[in-house]
Every structure is written in structure tokens, then in C-alpha cells.
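In order, the protein sequence lines correspond to chains A, B and C. Per our numbering, the first sequence starts with residue 610, numbered consecutively. Per our numbering, the second sequence starts with residue 14, numbered consecutively. Per our numbering, the third sequence starts with residue 36, numbered consecutively.
Read the hints as simulated data drawn from the structure, not as lab findings. Heads up, some of the hints might be wrong.
[As the list claims (entries may be wrong)] Derived DEER-like restraints, expressed as beta-carbon distance ranges:
1) B/Ile18 - A/Trp719: 15 to 23 Å
2) C/Lys354 - B/Ala120: 46 to 54 Å
3) B/Leu28 - A/Gly636: 31 to 39 Å
4) C/Leu51 - B/Val89: 39 to 47 Å
5) B/Gly29 - C/Leu76: 51 to 59 Å
6) A/Thr625 - B/Leu28: 29 to 37 Å
7) C/Thr339 - B/Leu111: 57 to 65 Å
8) B/Ala121 - C/Asn52: 48 to 56 Å
9) B/Val167 - C/Asn52: 44 to 52 Å
10) C/Val136 - B/Val174: 32 to 40 Å
11) A/Phe699 - C/Phe230: 28 to 36 Å
Every residue gets a Cβ at the ideal spot worked out from N, C-alpha and C, and that includes glycine.
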Amino acid sequence: MLEAYVPILIFVFVATGFAIFTLIMSGLLHPERYNKVKLEPYECGIEPETDARDRYSIRYYLVAMLFVIFDVETVFMFPWAVIMDELALFGLIEMIVFLFILVVGYVYAWRKGALEWA
Amino acid sequence: MAEAIVFYGLAALILGFAVLVISTRNTVHSALYLVVNFLLVAMLYVMLGAEFLAAIQVLVYAGGIVVLYLFVVMLVNLKRPPETHQDPRRQTRLGLALASALLAELAAIIVYSATGESAPAATAAAAAGADIAGGNVEQIGMLLYTNYLIPFEVASMLLLVAMIGAIVLAKREL
Amino acid sequence: MVDAIVIPLLKIVILLNAVLVAVSYLVLLERKVIAFVQSRLGPMRVGPHGILQPIADAVKLMTKEDITPARADRWVFTAAPIMVMVPALIVFAVIPFGPEVELFGRSVPLYITDINIGLLYIVSVASLGVYGIILGGWASNSKYPLLSSLRASAQLISYEVAVTMTLVSMILMAGTLSMVGIVESQRDASLWFIFAQPVAFAIFFIGGLAETNRAPFDMPEAEQELTGGFHTEYSGMRFALFFLAEYANMIVISSVATTLFLGGYLRPFPGVEGLAFLDLIPAWSWFVLKTFVFLYVFLWIRATLPRYRYDQLMRLGWKVLIPIAIGNVVVTGVAKVLL
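Starting from the given sequences, assemble the full structure and let the hints guide the process.
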């Protein structure tokens, strides 16, 4: 079983090696004529006053949190789907109970406006 | 022999990145090291034959939770270093207490698994190996949806609570 | 040793080259298709009908000045494009391009590896692509890239939920996570799964458009509001890696859609004996043909549809696709128990 993963490891090395190799190659080929203005951040000609890393909307946090929760729920469904043949009706009822609880949370999020983006 | 070398190499890398995670000053760099750490742990899982667990490790921890960390880092954006608590030794003492508790726990596990054969995890694994043929995913599925049905449904309640908690916390700002 | 290392390595190198060539000609194809839709000719100067344009582009990107902005985080700025590109490439490891073939007296499978958790591997590796986007925007330390990277990553993770949940109903159909197993189960069922699961297909395809940041969901690159998107500050080869990853991801989505829904390398109507003469055509060419059809639809949609607004996009992901995906899983489960 472990042998099946060796090619993936090789692939990771080849892909990373390729990316680093092209960066080094172009590093050798490209010209370097730097000046101070060129190294400024791109802001359509306006000189930046402050650091760009400011505080951002909490909605991004909420989306990420909901994503993690839904992700974990989906992960539970993967092994269930694989062995559904053996579980049959019993498995279906289990999953419907599980999904019902998920849907309760989903409806709560919807009603509280956590899914709005405006 | 080769397996042992790979195992100890991986373990050393994991420890190294774990040290980097806590010793780096820049929070984003720290999160990046954490991703590498999680990926290496996933490789360790593959080596142990727990391929499903490895995929979950990558999907949920490396692909989900660290994204959440990064969003939080960007959300809070600490410009200045946090003020030191009135008692600067407080963290050291707390850390020492937690570390010794963990050490004691690890020692207990080693002693327990070396003496007692009847560890619950061992019997469950043996039962699974005997009863169900097929891959890792099938085995986990069979155990989860028959023997461990109640924990599975309780887990969904836990996730529900987490979702409500996140919304309540964030709602004040909305 | 030869079987464990050398043959996979050869296959990986061949595949990597194939993907690179496919990506560069996909870019040319995109320009040609959009030009055709808009009654223009597209690139015509480099070679007959611009056929050598990709090579000229590659040379240009290689030799172009590569700027690291003064305020950027130097290491993360370089690591971000690599972190986008590597996941986009290594996903190809489990995609079956064809069954085993006889080559130089050896039977060689036309896929790099077949693991038990193939589909889960694709989902989890693809979920790592989001880091390059967040970190690219953050490392630039410039406001447009940073805003764009936050948007892009929120978009990516929102649609990932619906797409992953859709895959659950596909696993219910196939009963396995192995990609080869999924293709073979379509042979056994004598049915491409698109006909059994049209709803799942629609969700997967819409989610695929959103996850590759393609029109009509190309919000992260909305020129009018965010200039060039999260790679505004990038130039030269580091920009090229982002570009490469985006198009490689399009090919990934198309290949996965082909494998899951269009029977992968199977011929049309895999169960009909009367069409057996179609087996004379090599199996991998069916795969390439079907993937190409998907890629063409990607380009066609880009040329046809206007861009969504960001709040509309989030609403579509969270309030439309996710409930449908959950419903689809339940319906598939019930159907499976009843039938």
C-alpha cells in the first residue's frame, strides 16, 4: 500500500524542483535595473501613506469558521458513502439524523444573517 | 531499517518545524511553518498505513484551520507587540506546569501500553482487522457507523455548538 | 527499483511536460476563441495563425525583469507562487488517463498511481492551493493584492464546501474513492454518471468555475476595482508560475469532471455492444477529447457571461449550491437504499 504513495512523493519533489529551477533560470537571464519608484507598491500613481496590512472585515473570519465546520461534516460523510452498500437503511437513517443537526445549524446561520454579504 | 530511518527523519523534521512555529516573531511565518508541520504529520500517517487520517489531516488542518488562523491574523493585525503582563514569570510557570503534565501523561501511556495488553484501542483495532476486509476508509467507516455511532452523532452536536458560538461571537460586529 | 522509482519518474516528467505544453496552448486557444467570439483574429504575428505565440510568451516571461517590491516580505513573496503551483501539478498523480497498455513488452498503466483515497487526495491537495493566494497578497504588502487575496480565498473556501459535498453523492454512486475504481464502476453500470447525477454535475461545474477564479466568478481579478488581482505586484517568472497554476487548475477541474461524470477513458455508451468498433480508438484519446470539451466550455463561458458581483457570488455559494448539494446527497442515499 505504501508503494502507491512513493510516486506522489517523487512528484512533489519534481514539481517543487521545476518551480525553483525556472525561478533560478530566469534569475540568471533577466535584467536588473532597479530604482526606488519601481519598487513602490502599485497604487495607480498615488504614493502609499500607510502599511497596506490593516484590519479587515470580520466576515472573512465567519466564512472561514463556517467553512471549517462544513468541511469536518463532509469529511464524516466520505467513509459513510464508501460503505453505504453494507450499511443500507440503517446507515441512511444515521446520516439523515447527522445531516438534520447540520441543517439546524445552517438554518440558524441563515436566519442570523451570517450568510449575507452586504 | 529504511522505515525506521524515514520515521525518525520525519519526526525530527516535525519537531524542528514545531519549534519554528513557536519561536518565529512574525505570525504569518509561524502559520506557514504550521502548514509544513501538518503536512509532515500527514506523511507520518501515510507511513503508519492510516491513509484516510492523512487525507483528513491535510484537508481539515492544513487546508481549513490554518486558513482560519491566517484570516484571524489579518483581522486582528497586531501592529505593536503585546504588553507584558504584570507578572512576567507567569507564562514561564504556566508553561512548566503544562509541560510536566504532558510529560506525565506520555510516561503513563508508555508504562500502560508496555504492561497491559488490554488497552481499549488495541482491542478495537484487532476487532476491526479481524472483521472487515478492505481499505482503511472502509474500516474507519465500519467502526464509526456501528460501534462508535453515539460519539459520531455527538460530534455533530459539537459542530452545531461551534457554529452557533462563532456566529454569536461575530454577530456583535455585523 | 525500476518499477518503484524509474518508471514513475519517467511518467511524471512526461506528464509535467504535457501539462506545460497544454497550458501554453490553452492560453493561445483562449485568445483565439475569445477573438473569434468578438469577430477578431487574435494573435497572428508569431508563426502561421500565431501558432508559435506560446513559445514567444514563455521566452518573454523568462527574460523579463522580476521585481520584488521594497515593502514586500521577500521570502513569502517568492514562496507563494510555488505554493500555488505545486498542488495544481501534483493533483495529476491520481488522474487515470487510460487503462493499462502494452509498451516495450511491459504493461504500463496510464496513470501515475492509483491510491485507495484518490478522490479525497484530490480534494485535500487542491485545498492547499489557497495558501499561495492568501500569502501572495499578504506578502505584496499593497492594498489591491491584499484585498483581492482575501476575496479570492473566501470565494475558494465557500465553493469548496458545495463541491466536496457533491463528491459525496458521486462516491455513493461508485462505492469507492479510487479514481480508477470510479471509472470502472461506470463501465460496470454501463452509464456515464452525468446521466444519473445531472444536479451533482451542475454544482461541480459551477463550483469548478468559481474555484479556478474563472469568469463569471473572476472577482479576484476584477480589473475595474482591484487592478490585477492578488498578483498585481508580481512580474516575470513568479507571475508566470501563478498564471501556470491557474490554467493547470482548469485542466485539473476538467479532468476530474471527465473522470467522475463522463466515464473518464471509457468510450461513449460503454455498455452497448454494437459500438464496440469504437474501442479501436485508444482509450486515452477519449479522455483527452472529453477534457478538451470541458476546457472549451470554460473559454466559451468566459467570452459569453458578464461578471457576478461579490455578494451575489457568496449568496450563490452559501444559499443555493450548499442546500442543493445536501439535498442531492440525501436523495442519492434514499435512491440507493430503495433500488
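Hint-by-hint comparison with the structure:
1. B/Ile18 - A/Trp719: 15 to 23 Å: Violated - the Cβ-Cβ distance for B/Ile18 and A/Trp719, about 53 Å, lies outside 15 to 23 Å.
2. C/Lys354 - B/Ala120: 46 to 54 Å: 52 Å, holds
3. B/Leu28 - A/Gly636: 31 to 39 Å: 33 Å, holds
4. C/Leu51 - B/Val89: 39 to 47 Å: Holds, since C/Leu51 and B/Val89 (Cβ atoms, about 40 Å apart) stay within the stated range.
5. B/Gly29 - C/Leu76: 51 to 59 Å: 56 Å, holds
6. A/Thr625 - B/Leu28: 29 to 37 Å: At roughly 22 Å between Cβ atoms, B/Leu28 and A/Thr625 fall outside 29 to 37 Å, so the hint is violated.
7. C/Thr339 - B/Leu111: 57 to 65 Å: Holds: the Cβ-Cβ distance is about 59 Å, inside 57 to 65 Å.
8. B/Ala121 - C/Asn52: 48 to 56 Å: 54 Å, holds
9. B/Val167 - C/Asn52: 44 to 52 Å: For B/Val167 and C/Asn52 the Cβ distance comes to about 51 Å; the hint holds.
10. C/Val136 - B/Val174: 32 to 40 Å: For B/Val174 against C/Val136, whose Cβ atoms are near 53 Å apart, the range 32 to 40 Å is violated.
11. A/Phe699 - C/Phe230: 28 to 36 Å: Since the Cβ atoms of A/Phe699 and C/Phe230 sit about 29 Å apart, the hinted range of 28 to 36 Å holds.
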